[in-house]
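Could you build all of it, start to finish, from the sequences and the hints given here?
If you're matching positions, the sequence shown starts at 1 in our numbering and goes up one per residue.
Think of the hints as simulated: they come from the structure by calculation, not from any bench. Treat the numbers as computed from the prediction; the structure is a model and nothing was measured. C-beta: ideal position from N, C-alpha, C; glycine also. Errors might be hidden in some of the hints.
Unchecked claim - Pairs of lysine to any residue residues, derived as SDA-like cross-links and limited to a Cα-Cα distance of at most 25 angstroms, are as follows:
no.	residue 1	residue 2
1	190	154
2	367	441
3	358	463
4	245	256
5	307	401
6	89	46
7	190	228
8	89	23
9	24	35
10	21	47
11	52	28
12	158	234
13	312	357
14	227	217
15	227	147
As the list claims (entries may be wrong) - Here are the simulated distance ranges between beta carbons:
no.	residue 1	residue 2	range
16	165	132	40 to 50 angstroms
17	202	37	29 to 39 angstroms
18	165	218	26 to 36 angstroms
19	192	165	16 to 26 angstroms
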Amino acid sequence: MRKTIGITLIALLLWGCGKYKHLKPNPEIVPRESGYTEIIDKDKPFELKQNKRYFMTFPAPASSDYYLVVQLSNGTQLSSYLTQQFDKKPDTQDPVIKNDSKSPNVAAYPVEASATPYTWVIDRVDAKTFLNMEYRYVPRWRYQFETKYASFQTILAKNKADRQRLQGLGTTVSISTIDFAGELSELDRKTETLKKLQAIVLETESIFPGAIKGSDDRAYLDYLGIKREVDDELRFQDDYRIALKALQITRDGRLDNELFIRNLPEIMRFFENENRYPENVRREVADAVANRLSEIVPYYESQVQRKRDLSKIDFPANAAKNLYDRTNQRPDQRFSDFTRFVDAFNRDLDNLQSSRKKVDDLRAQLKRESWPSASFYSRMRGDVNRLQSSLPTFSRSDYGKYTNYSIVSRLENEVRGLSTQVNDMARGLGVAESLAGEINMLKDSGNYRGIIRLLKQHSDIAFLRDQY
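Given below as structure tokens:
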């Protein structure tokens, strides 16, 4: 008898543990879009007992593509799920609706318009506690954006540059105290992160329904706001980078003229956008650059004086002139003289190379022709005569005090040498024109010995040997 009573008590106890208690919030759950609403029983939260099971009914929303979002302050103490096919029998596996949230205290369940309500089930309570819970019905696109928006704000906040530091350059921030390499490296890291964020923000616009885009919906306005903030921060970081590089070049270039001069275009970038900077920053960069401009010509003079190859002189005259203007200075006579020299040299070199190409083209035509007639040589001689009239001339007076540089002498020799070659070609074509008729008559009569004799008599005309 005692054994029967004991078994009955255990069965009743297990049955009691397996039952689900229905939690009925007051006020009732309303299935429409809103902010978070607290789940309470009149004026206090529901009490949950250890090892007990509970369920709560959530009506389906009026529209599809919604989330039912459940927020719990003590979610780690519970095991819960949402289903639309709830079986109150213990240990029955209900079909579970996927939770799209990665937060341990937030669940986001995709729900659709339906006549069948949803059931939120608590199948485990680890310890006695209160159900501190809020719920919300929200369109999926809105929840997805809000989740992304929160992460966007976090990333942006962590990767902003210190604007006070740029604005304080030359006043509260001394250039001598700046770790340019370190700051530029940190700035590059932040910019790289924000550029990735910028791309993601742009892609996020596709989340919004067509009717929301361009509207004054709060979520869309937040989207436009974060997009604007990211774009603005990237513009600022670009401005900051340009200013840092300009100051770094002028400071580090004190011991390295080549570093300073090679980066004149980088410095010019600052002045092209100087209206973006406060007056103290413009003044600080202008003063630093102005003190270095007088070093440009001496550096290039030494480089050109050692130059031996006949190639253009790469002198950033325009960039240097612009920097003189931007720093309210006038180029000195030395700068003007050197600029004229570079212009003259590069001009004469261009003319030489252009004429040399024409000579090469004429030689190629001569080489391709075999057993030419007198008319061919006459036509070629006309081309060469026209070339003679357009050959570059050379005057050392154009080079001023730089006339004794070795590249000037070499250029002069090349110009004069080309002129000699063209004159020789013109003379040779005249002789060839007079010989062509005789050579072709000898060929027609089969007198090749006579042809060889004529060619030997005029062996100084090289192209004749290639043609006959």
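What are the numbers of the hints that this structure violates, sorted from low to high?
Of the numbered hints given earlier, the structure breaks none, since each of them holds.
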